[in-house]
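When you get a sec, could you build the whole thing from the sequences and use the hints?
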Amino acid sequence: MLLNRPSTKLFIRQFQLHPKFFSTSIILKNRNASLQPTITETDHPVLSELPHTNALDYAFTSIDKLKNWARKSSFWPATFGLACCAVEMMHVSAPRYDQDRLGIIFRASPRQSDIIIIAGTVTNKMAPALRQVYDQMPYPRWVISMGSCANGGGYYHYSYSVVRGVDRIIPVDIYVPGCPPSSEALMYGIFQLQKKMMDHQTQRMWYRAY
Numbered sequence: 004m005l006l007n008r009p010s011t012k013l014f015i016r017q018f019q020l021h022p023k024f025f026s027t028s029i030i031l032k033n034r035n036a037s038l039q040p041t042i043t044e045t046d047h048p049v050l051s052e053l054p055h056t057n058a059l060d061y062a063f064t065s066i067d068k069l070k071n072w073a074r075k076s077s078f079w080p081a082t083f084g085l086a087c088c089a090v091e092m093m094h095v096s097a098p099r100y101d102q103d104r105l106g107i108i109f110r111a112s113p114r115q116s117d118i119i120i121i122a123g124t125v126t127n128k129m130a131p132a133l134r135q136v137y138d139q140m141p142y143p144r145w146v147i148s149m150g151s152c153a154n155g156g157g158y159y160h161y162s163y164s165v166v167r168g169v170d171r172i173i174p175v176d177i178y179v180p181g182c183p184p185s186s187e188a189l190m191y192g193i194f195q196l197q198k199k200m201m202d203h204q205t206q207r208m209w210y211r212a213y
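The sequence shown lines up with residues 4 to 213 when you count with the numbering used here.
Treat the hints as calculated values from the structure; they're not laboratory data. Glycine included, each C-beta is placed from N, C-alpha and C at the ideal position. There may be inaccurate statements among the hints.
[Unchecked claim] Derived Cβ-Cβ restraints for the label pairs, each shown as a range:
1. Lys70 with Cys182: 21 to 27 Å
2. Ser112 with Gln197: 29 to 35 Å
3. Tyr142 with Val90: 27 to 33 Å
4. Pro180 with Ser96: 17 to 23 Å
5. Asn127 with Ala188: 22 to 28 Å
The following block contains the structure:
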């Protein structure tokens, strides 16, 4: 009686016409293919990898390149020396390294600075002052953490009065390791920050606001 049903007769007819679509190997192959990850059109690509589709994107990119070139050639860091690392930071401005040839000029006011170099141990009492100085800096702004104490507490990591890393207070762009790091290490960190500056884009600067 089952073979006399119309649906059964239709199935047998389809099997006779196309027997390869009902084989076990094809079914297993299709099942394995369905388990593989596929790329759909809903995936979100990286914005920096997308081509420029209009004149506005091209204009923004050209302006960003010009501004980034000017910024990386004229560093104005705020002086924020807290411990022995500040001595090595001072050596960068001495004649041996001559930071002026790179356009680096230390400023005593955060409102005139675009970079701050945290050189030394940050205590709990100094943390609010550091945050206030950072908030007074204009956009865009960058931070260099110099030395083990600024990076993660260093020698005083387990002290009750020391902040275990300046990145708990403000966002950090470049970490310079050492206790204390040499002037050459700080110069290398500055060179790395220059490379990072060239990748800066105005359209995606919103996430660095806080």
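Handout entry: Violations among the numbered hints, reported as their numbers in ascending order
Key = 1, 2
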